[in-house]
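Enquirer: Single-letter residue listing:
There are 4 protein chains.
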Amino acid sequence: MGESLSRDYFIKRYKEVRNFTEKLTEPLEIEDFVVQVMENASPTKWHLAHTTWFFETFVLEDSFENYQPVNSQYAYLFNSYYLQTGDPHCRDKRGNITRPTVKQVFKYRQDIDQKILDLLDSCSEREFDQIGPVIEIGINHEQQHQELMLADLKYLFAQNPLYPAYIPKEDSMDESIESGLTWSSFDEGIQWIGHNGKGFTYDNEHPMHRQFLQEYQLANRLVTNREYIEFIEDGGYERHSLWLDEGWATVVEKGWEAPLYWEHKDGEWYYYTLGGFQKVNPDEPVVHVSYFEADAFARWVGARLPTEAEWENAAGNQPIEGNFVEDQYFHPKPDTQAGEGLHQIYGDVWEWTQSSYAAYPGYKPLPGALGEYNGKFMCNQYVLRGGSCATSLTHIRPTYRNFFHAHERWQFMGIRLAK
Amino acid sequence: MGESLSRDYFIKRYKEVRNFTEKLTEPLEIEDFVVQVMENASPTKWHLAHTTWFFETFVLEDSFENYQPVNSQYAYLFNSYYLQTGDPHCRDKRGNITRPTVKQVFKYRQDIDQKILDLLDSCSEREFDQIGPVIEIGINHEQQHQELMLADLKYLFAQNPLYPAYIPKEDSMDESIESGLTWSSFDEGIQWIGHNGKGFTYDNEHPMHRQFLQEYQLANRLVTNREYIEFIEDGGYERHSLWLDEGWATVVEKGWEAPLYWEHKDGEWYYYTLGGFQKVNPDEPVVHVSYFEADAFARWVGARLPTEAEWENAAGNQPIEGNFVEDQYFHPKPDTQAGEGLHQIYGDVWEWTQSSYAAYPGYKPLPGALGEYNGKFMCNQYVLRGGSCATSLTHIRPTYRNFFHAHERWQFMGIRLAK
Amino acid sequence: MGESLSRDYFIKRYKEVRNFTEKLTEPLEIEDFVVQVMENASPTKWHLAHTTWFFETFVLEDSFENYQPVNSQYAYLFNSYYLQTGDPHCRDKRGNITRPTVKQVFKYRQDIDQKILDLLDSCSEREFDQIGPVIEIGINHEQQHQELMLADLKYLFAQNPLYPAYIPKEDSMDESIESGLTWSSFDEGIQWIGHNGKGFTYDNEHPMHRQFLQEYQLANRLVTNREYIEFIEDGGYERHSLWLDEGWATVVEKGWEAPLYWEHKDGEWYYYTLGGFQKVNPDEPVVHVSYFEADAFARWVGARLPTEAEWENAAGNQPIEGNFVEDQYFHPKPDTQAGEGLHQIYGDVWEWTQSSYAAYPGYKPLPGALGEYNGKFMCNQYVLRGGSCATSLTHIRPTYRNFFHAHERWQFMGIRLAK
Amino acid sequence: MGESLSRDYFIKRYKEVRNFTEKLTEPLEIEDFVVQVMENASPTKWHLAHTTWFFETFVLEDSFENYQPVNSQYAYLFNSYYLQTGDPHCRDKRGNITRPTVKQVFKYRQDIDQKILDLLDSCSEREFDQIGPVIEIGINHEQQHQELMLADLKYLFAQNPLYPAYIPKEDSMDESIESGLTWSSFDEGIQWIGHNGKGFTYDNEHPMHRQFLQEYQLANRLVTNREYIEFIEDGGYERHSLWLDEGWATVVEKGWEAPLYWEHKDGEWYYYTLGGFQKVNPDEPVVHVSYFEADAFARWVGARLPTEAEWENAAGNQPIEGNFVEDQYFHPKPDTQAGEGLHQIYGDVWEWTQSSYAAYPGYKPLPGALGEYNGKFMCNQYVLRGGSCATSLTHIRPTYRNFFHAHERWQFMGIRLAK
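Sequences listed follow chains P, S, Y and B, in order. Per the working numbering, the very first residue in the first sequence carries number 1; after that it's consecutive. Per the working numbering, the very first residue in the second sequence carries number 1; after that it's consecutive. Per the working numbering, the very first residue in the third sequence carries number 1; after that it's consecutive. Per the working numbering, the very first residue in the fourth sequence carries number 1; after that it's consecutive.
It is worth saying that the hints were derived from the structure and are not from the lab. Please note: incorrect hints may appear among the correct ones.
If chains are identical, the list can't say which one is meant, so a pair holds when it fits in one copy or spans any two.
Cross-link-like lysine-lysine pairs, in silico, DSS-like; alpha carbons within 30 Å at most [stated by the list, open to error]:
id, residue 1, residue 2
1, LYS115, LYS23
2, LYS364, LYS419
3, LYS265, LYS93
4, LYS93, LYS169
5, LYS115, LYS333
6, LYS279, LYS254
7, LYS279, LYS93
8, LYS333, LYS169
9, LYS23, LYS93
10, LYS254, LYS364
11, LYS254, LYS93
12, LYS169, LYS15
13, LYS265, LYS333
14, LYS23, LYS107
15, LYS333, LYS279
16, LYS103, LYS15
17, LYS103, LYS93
18, LYS23, LYS103
I would like the entire structure built from these sequences, with the hints used as guidance.
Expert: Set out below in structure tokens:
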């Protein structure tokens, strides 16, 4: 799914991404690798092993006729949902498995890395043409899991009344160079949406196709905590008329009164961040809000969320730069960019769109088990765009489609308005 | 929401629709009016009262300054979800209420009918301009509830091991004049979608707007039971690769093996119909399948479901005729139409589209409590088009958007394929 | 299980009890017979049919070799839990069944009554010796269901915000002739507990056996609403130290703040009674409290609940008289008895004992399916003694053991203290 | 609660028990200390900290006026259910807490040990009289948690498809010297039950009181796996008539077909033991059965379970010896004792009695928060007697009352029959 790249490039990129995964675990104690506190948030140990299993299953097993797995039960323990490769272990039981130990999982990574690098080194060109694209998927897959790992760890630490920090940080005092929200306008017309096929992409970005867009406007920057607090203080969480029916039901059932990780104490808002428990910085973009909250906020303002086509059409011309995981800041930053045009399009927070996650016209999933990667989730989820402070710069692009359920908040998700 | 119509027309149509609701209850025993067996399926008594409450609340209360409700607690008992008019009684508890009795509810209907007809008779032109549109919504609202009533009654009777018939009927032996499935082709291009504003419509059909459609094909008729049985016999319910992820989870959790109301007995398929428990007629359109099943069936065939824009673009030129509730057949019929082109577009079964229910660009809900009618459900539901054997002929149109959750099956829902 | 009685006696008693069941349904509308609002509270229609099925199954089917059931599916629909007679219809789905209609169920009763009375008239002495005891169980079984029917109807009506009365009544102003709570003392020693076998009894009252009782004291009367309100006002429902662990968990989970059916309005306590929604009469015995509440109240007072042996030992000498269902008052009454000794021992409310429901030493269940009547419930339930205002005078005796789970409140249950 | 013992004795016993807890954790990896897989089974780390918190709260905080806790949040994290000492952290969330780390918890233990030993060394006689009894409760409390820890670890490891062993062992081939089951008889009469007050006891063993026991017989040994397999093969889990009503419901709901940890593979029975996954040894006592299974097995045999009074009356004369946790075998052993009389009364498995856990006549809980230790659990649980292979020899006595819910199986529970 993309043009062919050199063997050296692959070896370098494979090593970089695999190493970065392990670098992200350096602040952790053994205990932190093991626990699962909700079905959607897997233990770090599982992420480490699952990304490795991916290379073992889709590259090594396919390359060697009588491949002997490093441990035959890992296929069961570390499969996620690829039913065609055999029944996976229940997703909500990943945290029950204390063995293999963390040490054994790191050993598993080393073993597979050695085999993959040996294979890349020794395989014929014809073999390389086959495994290259799969390794590229594996590398991108691992980057996705790096991001999940951070979100899952944040969720884990936030359950602990001691609020341990992933990497302790001072309260952020950064301020934005703010001059109010402005709007960028876009003309109506037929636009090409989706990827043209140069470079790595997922199947769900294809095929490139035409859509007719009405005239629209996008906000120049993300919604801030300051604005979101105004929404809260204006009774945002108490006025059903601002909410979708399922959104209101969720607010009532879960008792939501603020974004995930926020706490009201002595008249001030605090939140848990990967840097520890801190006072909310009003200039930062709001993060950890659900689709329901993004939608309600937009209705309160008198605006709406963009469609994914609107977003993509606007973002296509923007440079891919911003606050990514490579910065190791692990939290969105205030908008400090001056001038007109769109700010914070990439990085900081994933931006909810109003678009239900669906197949593009003429969409075809990858053949075989990898076809389960994207297509089968095209139901009851909403698309997010632009990457976040937990995403790799090398992983994002204008056509990239992320997707979550409307009630989910534990990823780094925020809001950009449209009209 | 539509051009103004004469007072006589309203009086006639009001009477017709209100009478037809009561006609539909004639086959029932008192006991059948009361019971609720799932949250989504309300008791007949509740439908009778709720549609009446609608006129009382949105017409009478708004028309008379000191309006005294017929019974002040009915507003609580028979509100559905209009939070702006006050807290409704819990939806899943509608079946707990044995009083008012059925007789009292019919009395309530008569009282309100009298008041509405008096009002229509006596109001000034200016008042008529105000209440006319609301009465028209009320009439259409009641037609929607007629359809729900039939689906809910079917669901109720099907829980009873005695399988009582709503209106006993012989097994259908009708055959289709079938010559295989054929496809109608449609060119790519910009199309106008949504309603132009003449005649009654709901807010969700507006505004009319342009969409770019790729070239596509629609099947000439609905999917039949014969075809669906082939899918079952080919392991359709056992092969996860045919299903969306949430669809497969639903199949496993609910143990689905066939459409709702089907039973396998002595090597034959049977189903419960409103005519009683019968042998499945293979020539009929399959009905009572979820979005998940429609989607899996389409994947099995190598086709897909249409988008709602594709459907609307194709259906716009078709005459609105078919097997509607006025026929009092209460079940879809085999395709007996000869010749090319699209058959069974209207009536028989609601046709699942692949489109998530969403606002059209520039959509504005009605003002006030009636604004809760449609917009707040625009999340995690899928659009169905064309009406069914339980829909009124006078209620349907090319732009009409019905919507249900992907797992729901108790409405009269079926499948038309696209490519 | 008891000495033999004359055929005439049986015919008379059969007719009386069967008629009284139907008399109890006279205040009902058809709608009231059908609905089930919790698993434990069955529809009146079901009670009417089930008690009839009991006679059909255990008397008629056993008496006639080729007995043709009145309706072969009733055995499935109206069995309760007798697994040996075939799978019963799910208990929580009794309310889904609108057919047979109420009229048809009354017809079923008449048909079976005719057959039973014919059989009693025509059978040989040897046959009579066999069926007599089973009919006696059936009569007592029906009396149990009369009581359940009243409790279930009360629960049903109480769900309705309109609070319909079963039989409308004025607020009770009756006062007790109260002179404070006094205590009756009983010596330590070996006592005979259980039934000696004269007259009808259930298997769980056997065998009569010895128990050693320590010295103890019983309160002369039941705990009143006045006393219970003091408990509430003293923070009874807020102080975990007063409660059993499971009791406190129940209070928190269910949000209990008072007995079932109580509401606090404008600083006063009200309750729903079968006579309608009324102001709580402080002189009446408190009713509709769980074992947990009875136990917590007793701990608050510094007393405890009696054991069932203590209760039986004390009650054995008391006359069986009081406020029973024959009075058709359907609610407990204030203690108006003067003088020393035990008041209100029988009737008014079932009295919770601290005894877990268990087999007496040497207990043997009845043979066959009727052996499922009692023994299999001897786990996690607590014994209540003395009958209530919903019990028949002809149904109660000193050795009678009723039993419910510790959290249940919908029967007419109250409190007598011990030390 | 017991006569006073010397200071040296306390110091020695404190050290022994605290050290033994840590010895039991030696086979574990860090990962094994952290995870919780069901509400009732706490992480090892929690047990280590909670037993320490007990000494800190009930001894140190009470002894020093301005005691500064080692970590002020530990009181919240490591309280179990003592509501009087402040809200405990939710029991089902103990596994969410990765910090403090295992190392920090061991440090916490050392800190508290030092303080306790210093206190024991330096306190006045008057102070010693106060803290001695509390320390003794703390020591016994820790022994209870040693046993829970082993049962919880077994449950944890059994969730892992890799079946890691706690301490790997060969399959047991031990055989019993069996000559069939025999019965010991006991005469009827008044017996003293409960503890006379010499030596340490829990409040629930008091007061000693009289009970009248009918003549009864006890089986000379525990029920074996061989006998239990016969029950299974005779359809024990398929015949509802053998089960209590709630037992049968549990069998159906949970799909039970054998004791906990058993698996049927290639026609043979296997089980997970703390020594690993092994073939069932038919001569061993059956273990990990619920009250429901013990009761059904007894009914199948034509016997019953003993009452706790019967058990205590019989066991009072037996020497306290057997297979205890000190043996570090962690699994019950076959009966190898020759001769008449009762075997295996102590150790091996806790023996279910038919007695609901209830207060003895005149029972008084301890004052203060320690009064929550036992009394508030006296509802819906059943008494077990005699200790198990996970119990300390120094912890058990004839009057010791253990208790669990009827459906629980994860402790080392087995069956002795009575008639």
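Enquirer: Hint by hint, note whether the structure agrees.
Expert: Checked hints:
no., hint, verdict
1, LYS115 / LYS23, "within (21 Å within a copy, 40 Å between copies)"
2, LYS364 / LYS419, "between (32 Å within a copy, 12 Å between copies)"
3, LYS265 / LYS93, "between (35 Å within a copy, 23 Å between copies)"
4, LYS93 / LYS169, "between (33 Å within a copy, 27 Å between copies)"
5, LYS115 / LYS333, "neither (40 Å within a copy, 48 Å between copies)"
6, LYS279 / LYS254, "within (23 Å within a copy, 36 Å between copies)"
7, LYS279 / LYS93, "between (35 Å within a copy, 26 Å between copies)"
8, LYS333 / LYS169, "within (14 Å within a copy, 57 Å between copies)"
9, LYS23 / LYS93, "both (26 Å within a copy, 29 Å between copies)"
10, LYS254 / LYS364, "between (38 Å within a copy, 29 Å between copies)"
11, LYS254 / LYS93, "both (23 Å within a copy, 18 Å between copies)"
12, LYS169 / LYS15, "within (29 Å within a copy, 42 Å between copies)"
13, LYS265 / LYS333, "within (23 Å within a copy, 52 Å between copies)"
14, LYS23 / LYS107, "both (15 Å within a copy, 28 Å between copies)"
15, LYS333 / LYS279, "within (14 Å within a copy, 60 Å between copies)"
16, LYS103 / LYS15, "within (19 Å within a copy, 33 Å between copies)"
17, LYS103 / LYS93, "both (20 Å within a copy, 26 Å between copies)"
18, LYS23 / LYS103, "both (15 Å within a copy, 23 Å between copies)"
Of the numbered hints stated above, the single one contradicted by the structure is hint 5.
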